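J.: Listed below, chain by chain, are the residues.
Protein chains: 2
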Amino acid sequence: MTMSKRDTYTPDSLLAVAVEVFNERGYDGTSMEHLSRAAGISKSSIYHHVRGKEELLNRAVGRALDGLFGILEQPEALSGRAVQRLEYVTRRTAVVLMEELPYVTLLLRVRGNTTTERWAMERRREFDQRVSELVKAAAAEGDLRSDVEARLATRLLFGMINSVVEWYRPDAKGGSEREQVADAVVRLAFDGLRA
Amino acid sequence: MTMSKRDTYTPDSLLAVAVEVFNERGYDGTSMEHLSRAAGISKSSIYHHVRGKEELLNRAVGRALDGLFGILEQPEALSGRAVQRLEYVTRRTAVVLMEELPYVTLLLRVRGNTTTERWAMERRREFDQRVSELVKAAAAEGDLRSDVEARLATRLLFGMINSVVEWYRPDAKGGSEREQVADAVVRLAFDGLRA
Numbered sequence: 001m002t003m004s005k006r007d008t009y010t011p012d013s014l015l016a017v018a019v020e021v022f023n024e025r026g027y028d029g030t031s032m033e034h035l036s037r038a039a040g041i042s043k044s045s046i047y048h049h050v051r052g053k054e055e056l057l058n059r060a061v062g063r064a065l066d067g068l069f070g071i072l073e074q075p076e077a078l079s080g081r082a083v084q085r086l087e088y089v090t091r092r093t094a095v096v097l098m099e100e101l102p103y104v105t106l107l108l109r110v111r112g113n114t115t116t117e118r119w120a121m122e123r124r125r126e127f128d129q130r131v132s133e134l135v136k137a138a139a140a141e142g143d144l145r146s147d148v149e150a151r152l153a154t155r156l157l158f159g160m161i162n163s164v165v166e167w168y169r170p171d172a173k174g175g176s177e178r179e180q181v182a183d184a185v186v187r188l189a190f191d192g193l194r195a
Numbered sequence: 001m002t003m004s005k006r007d008t009y010t011p012d013s014l015l016a017v018a019v020e021v022f023n024e025r026g027y028d029g030t031s032m033e034h035l036s037r038a039a040g041i042s043k044s045s046i047y048h049h050v051r052g053k054e055e056l057l058n059r060a061v062g063r064a065l066d067g068l069f070g071i072l073e074q075p076e077a078l079s080g081r082a083v084q085r086l087e088y089v090t091r092r093t094a095v096v097l098m099e100e101l102p103y104v105t106l107l108l109r110v111r112g113n114t115t116t117e118r119w120a121m122e123r124r125r126e127f128d129q130r131v132s133e134l135v136k137a138a139a140a141e142g143d144l145r146s147d148v149e150a151r152l153a154t155r156l157l158f159g160m161i162n163s164v165v166e167w168y169r170p171d172a173k174g175g176s177e178r179e180q181v182a183d184a185v186v187r188l189a190f191d192g193l194r195a
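Chains C and P are the protein sequences, given in the same order.
Going by the working numbering, the residue at position 62 of the first sequence is 62; the numbering climbs one at a time, nothing skipped.
Going by the working numbering, the residue at position 186 of the second sequence is 186; the numbering climbs one at a time, nothing skipped.
One or more of the hints may lead you astray.
Computed far set for chain C versus chain P, every beta-carbon distance over 10 Å [what the hints assert, rightly or not]: (1) M32; (2) H49; (3) E55; (4) F69; (5) L78; (6) T114; (7) E133; (8) D143; (9) S163.
Capping the alpha-carbon separation at 25 Å, the derived lysine to any residue pairs in SDA-like fashion look like this [what the hints assert, rightly or not]: (10) K53/P - N23/P; (11) K43/C - A16/C; (12) K53/C - E24/P; (13) K173/P - L152/C; (14) K136/C - V165/P; (15) K136/P - R178/C; (16) K136/C - L108/C; (17) K136/P - N162/C; (18) K53/P - K173/C; (19) K136/P - L152/P; (20) K136/P - R194/C; (21) K53/C - R25/P; (22) K136/P - Y88/P; (23) K136/C - E166/P; (24) K136/C - R178/P; (25) K136/P - A16/C; (26) K173/C - R92/C.
What follows is a set of in silico ranges between Cβ atoms, one per label pair, in the way DEER data are often shown [what the hints assert, rightly or not]: (27) R151/P - D66/C: 30 to 36 Å; (28) G52/C - G29/P: 37 to 43 Å; (29) D66/P - E73/C: 47 to 53 Å; (30) S13/C - H48/P: 48 to 54 Å; (31) L78/P - R111/C: 35 to 41 Å; (32) Q84/P - R118/C: 43 to 49 Å; (33) R81/C - G70/P: 28 to 34 Å.
Read the hints as simulated data drawn from the structure, not as lab findings.
Since the structure is predicted, the reported quantities are computational estimates derived from the model, not experimental observations.
Just so it is clear, CB atoms sit at the ideal spot from N, CA and C, and this is done for glycine as well.
Let the sequences and hints guide you as you build the complete structure.
T.: In structure tokens:
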């Protein structure tokens, strides 16, 4: 029996607690008991909200994926030269990653064998694939260097963007700090370190 | 009692098995029992080689760190313009990462509370710090852009380099393939994607 507080959770606030535990212990290493302890409510109270931990994972990575795929539907990602669309997608991906930090962190760490984990990995690959097509289109329009293969360039680009989850922690500056980091990502990715 | 084969392990071959298990299960999640099963020899045979799993971790991350710090001692890293030294260090870091893939992967994933884990994290920060100083020196010499702060630039640079562990798997091409990836890292990091 765990110490229980009154269950005042909303779907979002319970999800926030669960994602924190998943990121801390790994999804596989997290039991309903761990979730119950972290939330301070009983397991049966959690089952009142969700069918189980896989539903929580589904909602958490779904939130990250909605943020990322949403970028590709915005007008700036849909028309104009490919290099400009790619710049827009790069900047916005970095911003979404910082805005939805714990959810994207979880998405990037998911590896595994449940249906939800496989689905998340599949959707993530699909997003990478969409960006890789933009890289190819921009190279075909002559705006990107042609001496680095598009797939490799996309991997390194995501490597740089995604690494932000390793060290970014929101501070009081909030939005302006995120824009600053996203600016740096775009500058380095497109024009490099060299003066 | 596990099924045991004759113990023909050398320190290096036992280390290779252990690192694979650490990378698969996480260091914390690995017991001597897991190591014994993966190696196919008894726990007491393993204790004949090492005092315990922390010694294996120490040797594994030590190998990665020796490779990385070795770069900083090479002549090309010690003299010349800072931007050229930084380019050299970037290229060699990418190559060492691919040559010592499982060991560097383990080093990058270490987070924890044992003395060895803390030591590894400390040494890794020290390496980053040394590279960050090169970035600052190159900016001071006017060779790097000044509109991205050195510490942020270093983080994004390592983000790109280190992401190679996520997808790189050695193939038959070996050295030439590694040089190709390292070339791409240097091109994108210094000159960016843009044509």
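J.: All hints, please: hold or fail.
T.: Verification of the supplied hints:
Remark: the non-interface label on M32/C is consistent with the geometry, its nearest Cβ contact in chain P lying 19 Å away (cut-off 10 Å). For H49/C, the condition that its CB be more than 10 Å from all CB atoms of chain P holds, with the nearest at approximately 28 Å. For E55/C, the shortest C-beta to C-beta distance to chain P comes to about 25 Å, beyond the 10 Å cut-off, and the non-interface label holds. With a cut of 10 Å on Cβ distances, F69/C stays outside the contact zone with chain P, its closest approach being about 21 Å.
Here L78/C stays apart from chain P, with its beta-carbon at least about 20 Å from theirs, past the 10 Å limit. The beta carbon of T114/C sits about 18 Å from the closest Cβ of chain P, which is more than 10 Å, so the claim that it is off the interface holds. Distance check for E133/C against chain P: the nearest CB is about 15 Å away, which clears 10 Å, and the non-interface claim stands. Chain P draws D143/C into its interface by the beta-carbon criterion, the shortest separation being 6 Å against a cut-off of 10 Å.
For S163/C, the condition that its CB be more than 10 Å from all CB atoms of chain P is violated, with the nearest at approximately 2 Å. Restraint check for K53/P and N23/P: satisfied, since their Cα atoms lie roughly 13 Å apart, inside the 25 Å limit. Restraint check: the Cα-Cα separation between K43/C and A16/C comes to about 16 Å, which is no more than 25 Å; the hinted pair holds. For a cut-off of 25 Å, the pair hint linking K53/C to E24/P stands: about 22 Å separates their Cα positions.
Between the alpha carbons of K173/P and L152/C the distance comes to roughly 16 Å, so the proposed pair stays at or under 25 Å and holds. Distance check on the hinted pair: K136/C and V165/P sit about 23 Å apart at the alpha-carbon level, within 25 Å; holds. Note on K136/P and R178/C: the hinted pairing holds, with a Cα-Cα distance of about 23 Å set against a maximum of 25 Å. The suggested pairing of K136/C with L108/C holds, with an alpha-carbon distance near 24 Å, which does not exceed 25 Å.
Under the criterion of a C-alpha separation no larger than 25 Å, the hint pairing K136/P with N162/C is consistent with the structure, at around 24 Å. Restraint check for K53/P and K173/C: the C-alpha separation of about 43 Å exceeds 25 Å, so the hint is violated. The straight-line distance between the Cα atoms of K136/P and L152/P is roughly 11 Å, inside the 25 Å bound, and the hint therefore holds. As the CA atoms of K136/P and R194/C are separated by approximately 12 Å, the hinted pair is consistent with the 25 Å bound.
Restraint check for K53/C and R25/P: the C-alpha separation of about 21 Å stays at or below 25 Å, so the hint holds. A threshold of 25 Å between alpha carbons decides the hint, and for K136/P with Y88/P the separation of about 16 Å falls inside it, so the pair holds. Between K136/C and E166/P the CA atoms are separated by roughly 22 Å; this keeps the pair inside 25 Å, and the hint holds. Taking the CA atoms of K136/C and R178/P, the gap is about 23 Å. The hint holds against a cut of 25 Å.
Taking the CA atoms of K136/P and A16/C, the gap is near 39 Å; set against the 25 Å cutoff, the hint is violated. Between K173/C and R92/C the CA atoms are separated by roughly 18 Å; this keeps the pair inside 25 Å, and the hint holds. At roughly 32 Å, the beta carbons of R151/P and D66/C sit within the given window of 30 to 36 Å. Between G52/C and G29/P the Cβ separation comes to about 22 Å, which falls outside the hinted range of 37 to 43 Å.
Between D66/P and E73/C the CB atoms are about 48 Å apart, so this pair conforms to the stated range of 47 to 53 Å. Between S13/C and H48/P, the C-beta spacing of about 53 Å keeps the proposed range 48 to 54 Å intact. About 40 Å separates the C-beta atoms of L78/P and R111/C, a value consistent with the hinted range of 35 to 41 Å. Here the CB-CB span from Q84/P to R118/C is close to 46 Å, well matched to the stated 43 to 49 Å.
Between R81/C and G70/P the beta carbons are some 44 Å apart, a value that contradicts the proposed interval 28 to 34 Å.
Hints 8, 9, 18, 25, 28, 33 from the earlier list are contradicted by this structure; the remaining hints agree with it.
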